[in-house]
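With chain A held as given, fit chain B onto it using these hints.
Protein chains: 2
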Amino acid sequence: MEEKIIEKLIGAFMFLPGVGYKTAQRYAYKVLLGDEKDVKNLASSIIEAKDKVRFCSVCGGFATSDVCDKCRTRDSSIICVVEEPKDIDYIERAKSFDCVYHVLHGTISPLNNRGPDDIRIKELLERLNEKGFSEVIIATNPDVEGEATAMYIARLLKPIGIKLTRLAQGVSMGSDLEYTDEVTLSKALESRREI
Amino acid sequence: MEEKIIEKLIGAFMFLPGVGYKTAQRYAYKVLLGDEKDVKNLASSIIEAKDKVRFCSVCGGFATSDVCDKCRTRDSSIICVVEEPKDIDYIERAKSFDCVYHVLHGTISPLNNRGPDDIRIKELLERLNEKGFSEVIIATNPDVEGEATAMYIARLLKPIGIKLTRLAQGVSMGSDLEYTDEVTLSKALESRREI
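Line order of the protein sequences matches chains A and B. For what it's worth, my numbering labels the leading residue of the first sequence as 31, then goes sequentially. For what it's worth, my numbering labels the leading residue of the second sequence as 31, then goes sequentially.
Any given hint might turn out to be false.
In this list, chains with the same sequence are indistinguishable; a pair is considered to hold if it fits within one copy or across any two.
[To be verified] Distance condition first, Cα-Cα at most 30 Å in a straight line; then the derived DSS-like pairs of lysine-lysine:
no., residue 1, residue 2
1, K34, K116
2, K52, K125
3, K38, K67
4, K82, K161
5, K125, K34
6, K125, K193
Just so you know, the hints here were simulated from the structure itself, not pulled from any lab data.
Excised from the complex, chain A in its bound form (with noise of 0.2 Å):
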């Protein structure tokens, strides 16, 4: 009987992403031994999160009402777009300065079958066109479907005539030119700044 409930608590942690079996098991055996508080607020926290947490109508990020904190707070004509909710945490960790966000839920890309009208770009047109936003920050990843995705926006968005921008390209801080890769290293080249 023990078995069976520790075998399947070892299935149940395996859903993480990241964990095999052994390190299941190491989570499994740190819930049977750990402090009983500890562990009960680990699965509380998990119940409250799930049933608490949505997507916000509006931006489609985060949100435990219909419309997230942001949303509902901030009135920044910044708009910042963003692949993932959790890239929303991201820039707010990084940025100096308040601005909405849209939550495109994916990327364009057509290996996968995914094209324009399957990730969040009609509701980021309709948004723009209900409010004046006088700049568009493309936040997608620095990879070939997030670039992909960005240069679809772009062109869409060009006819509005509103200011966009993309993240600059460089070296990152505190790297080594050594370990840079060569496209990286070309593209913060071009975008060099006087100083």
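For chain B alone, kept in the frame of chain A given last:
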């Protein structure tokens, strides 16, 4: 509000061993975006395991009732002494014969102020006195504390006249002599077998 709930979930995941902020964040996003069934299964498995699994009053391993399945169903004259409940599972996967177990719940470790009375050695002696076991396999870890604990138990049990064995020490299957440490190689030479 959503930020607070997500932060709480990330914090809760950091209770798991080896999980830092970034990993906890990935787990949290998987909970938010993953399949409802899998997520609820994880939470309920955690609660079920924590509520139902306790320590067996005989061997000290995991059990769902006062006595674990193995202690209740196995009638073996071989008893295998391990450090932690989880070690039972590792040995179960490897072994080809049935034995019962005795979990010490730790090792003797003067540096950490843990003496013989702090682990379940007294309980082991009681079990050996109560039932006539034919062999005690000491399967503590092959590290300094595990070795010291094994030596201590061996010296204690010698007068009883019971057969005492220890896991063989030698080269790992599939390994390479080049990468085998000297102590292990020396033990493997010492315990060489005729073929």
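For each hint, the structure was consulted:
no. : hint        : in the structure
1   : K34 / K116  : between (35 Å within a copy, 14 Å between copies)
2   : K52 / K125  : between (38 Å within a copy, 19 Å between copies)
3   : K38 / K67   : both (21 Å within a copy, 14 Å between copies)
4   : K82 / K161  : within (29 Å within a copy, 56 Å between copies)
5   : K125 / K34  : between (48 Å within a copy, 19 Å between copies)
6   : K125 / K193 : within (19 Å within a copy, 69 Å between copies)
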